[in-house]
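Using the sequences and the hints given, assemble the complete structure.
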Amino acid sequence: MIKRKMSLLLAAVVVATGVGTVTPAFAETTAQNLPSIYRAVPSISMAEEGDDFTFAVTAKDYQGQVQYRIWVQNLETKEWSELTDGYSEAVDAGQPFMPQAAAKLKAGKYKASIWVKRAGQKGAKENKNGDYDNYFTKNFSIQKDGYFANRVNLDNVEIKDSYTVNEFAKIVGQDNYKIHVLNSKGEWTYDPDGYETAEDSSDDIKFVEPGVYMIDVWGMNDNPTDAVKKQGYDGFKLKIVTVTEAPVDEIPTFEVITADTNAIPMQTLVQIKLDTETPEKYEVKVAGTALELRTNKDGEKVFIGVVNKTLTKDQVIENTEVTKIGDEDKEIPAHQIVTVDTNAIPMQTLVQIKLDTTTPEKYTVEVAGTALELRTNKDGEKVFIGVVNKTLTQEQVEAQLVIK
Numbered sequence: 001m002i003k004r005k006m007s008l009l010l011a012a013v014v015v016a017t018g019v020g021t022v023t024p025a026f027a028e029t030t031a032q033n034l035p036s037i038y039r040a041v042p043s044i045s046m047a048e049e050g051d052d053f054t055f056a057v058t059a060k061d062y063q064g065q066v067q068y069r070i071w072v073q074n075l076e077t078k079e080w081s082e083l084t085d086g087y088s089e090a091v092d093a094g095q096p097f098m099p100q101a102a103a104k105l106k107a108g109k110y111k112a113s114i115w116v117k118r119a120g121q122k123g124a125k126e127n128k129n130g131d132y133d134n135y136f137t138k139n140f141s142i143q144k145d146g147y148f149a150n151r152v153n154l155d156n157v158e159i160k161d162s163y164t165v166n167e168f169a170k171i172v173g174q175d176n177y178k179i180h181v182l183n184s185k186g187e188w189t190y191d192p193d194g195y196e197t198a199e200d201s202s203d204d205i206k207f208v209e210p211g212v213y214m215i216d217v218w219g220m221n222d223n224p225t226d227a228v229k230k231q232g233y234d235g236f237k238l239k240i241v242t243v244t245e246a247p248v249d250e251i252p253t254f255e256v257i258t259a260d261t262n263a264i265p266m267q268t269l270v271q272i273k274l275d276t277e278t279p280e281k282y283e284v285k286v287a288g289t290a291l292e293l294r295t296n297k298d299g300e301k302v303f304i305g306v307v308n309k310t311l312t313k314d315q316v317i318e319n320t321e322v323t324k325i326g327d328e329d330k331e332i333p334a335h336q337i338v339t340v341d342t343n344a345i346p347m348q349t350l351v352q353i354k355l356d357t358t359t360p361e362k363y364t365v366e367v368a369g370t371a372l373e374l375r376t377n378k379d380g381e382k383v384f385i386g387v388v389n390k391t392l393t394q395e396q397v398e399a400q401l402v403i404k
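Numbering follows my numbering, with no gaps: position 80 of the sequence shown is 80.
Only pairs whose alpha carbons sit at most 30 Å apart, straight line, appear in this in silico DSS-like list of lysine-lysine: (1) Lys297 x Lys281; (2) Lys125 x Lys78; (3) Lys185 x Lys170; (4) Lys354 x Lys378; (5) Lys185 x Lys206; (6) Lys185 x Lys125; (7) Lys138 x Lys78; (8) Lys206 x Lys324; (9) Lys60 x Lys109; (10) Lys60 x Lys138; (11) Lys111 x Lys185; (12) Lys78 x Lys128; (13) Lys122 x Lys78.
If you anchor each label on the Cβ, the simulated ranges turn out as follows: (14) Gln63 x Asn129: 26 to 34 Å; (15) Glu199 x Thr261: 42 to 50 Å; (16) Ala90 x Glu321: 42 to 50 Å; (17) Pro210 x Lys109: 38 to 46 Å; (18) Ala290 x Glu187: 40 to 48 Å; (19) Glu395 x Ala107: 41 to 49 Å; (20) Thr253 x Gly380: 26 to 34 Å; (21) Ile337 x Thr197: 19 to 27 Å; (22) Thr393 x Pro265: 41 to 49 Å; (23) Ala102 x Thr197: 33 to 41 Å.
It should be emphasised that the hints constitute simulated quantities derived from the structure, not laboratory data.
Keep in mind that this is a model prediction, so the values were computed, not measured.
C-beta: ideal position from N, C-alpha, C; glycine also.
Encoded structure:
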């Protein structure tokens with residue numbers, strides 16, 4: 001469930017960090033119906049030589065599309081150069097956007113002049129470098145490579161380029177993070193739970209509408225200084241992402257491998273294979289009987305079960321129902337670690353996990369990256385069983401257990 005929008009207190013904090021609305025103290029007076037810079041924030045707060053550095057920008061005072069161009073001045077040499085390669089592509093004025101940098105900056109102190117103009121039109125103002133409607137200036141610094149080595153590592157924060165509706169704003173990283181998301185309406189959504197690991201923070205904010213968003217990741221390592229604690233973050237990293245409608249899942253075709261009426265009197269042993277690499281995302285029923293996903297003797301993942309009637313192969317085909325397992329807002333059930341056996345197979349661990357649910361087939365279970373299979377044990381219980389290619393204690397199994 002998407003969290004409520006940013007409170008006034010958080011808004012004040014965000015503005016204080018420079019991620020909020022800018023007041024263009026150095027900007028020219030905005031003419032009527034001309035776009036001006038509303039927000040201009042460094043794409044990464046701890047920029048070093050070699051980083052892909054630019055600004056996240058939005059415009060105001062204009063309803064159509066705009067284009068951006070960025071110039072930078074080295075404050076020591078006073079020389080100006082262009083960070084971008086001409087004007088950017090046209091984007092909606094209120095849409096968060098990062099003009100692509102065409103150059104990498106050396107260490108030093110700089111002033112940026114960020115230009116904006118109406119898309120496809122000549123700017124209302126002009127100087128020797130070109131035309132523009134309005135501009136905004138902002139000072140920033142680039143440090144030598146390795147300058148922030150003892151701080152939070154923002155280089156290893158991975159943010160996807162695109163997401164789908166109902167997908168969470170998941171990130172990958174090794175420190176602790178808080179995630180904020182800005183939409184094209186200027187509305188913030190945030191995680192109120194405080195700093196968490198990337199895994200823990202990645203199920204807090206869900207995209208509920210298609211559009212263009214800015215993900216703002218605040219980072220802090222395990223040993224922050226008092227100054228960092230007071231500031232509220234060690235560093236931040238921004239990225240523009242696109243959210244699209246989730247594609248309509250096509251139900252895969254299937255093959256009836258077995259329809260055996262001889263194994264059990266008055267019943268039919270059925271084995272069905274789906275034409276997909278992810279059969280665990282589907283449920284298969286024959287004449288109302290749910291089949292279990294198993295690995296057969298040929299190493300193939302197939303659905304196996306016994307139907308309480310005799311059926312020909314054609315009748316099995318006619319009575320087979322394949323459905324996608326939905327996972328929106330799915331609650332993760334409690335679990336029990338039934339077995340952690342390091343003696344059965346040398347240097348490996350046999351694991352058996354039981355979920356507290358009547359529909360375990362709707363979930364996947366992994367331990368240390370190894371997917372377990374849903375099986376029926378000797379007591380008739382549905383459990384997830386598998387062999388992990390390392391020796392683990394029960395505590396380590398618990399720590400590396402992922403249920404989806």
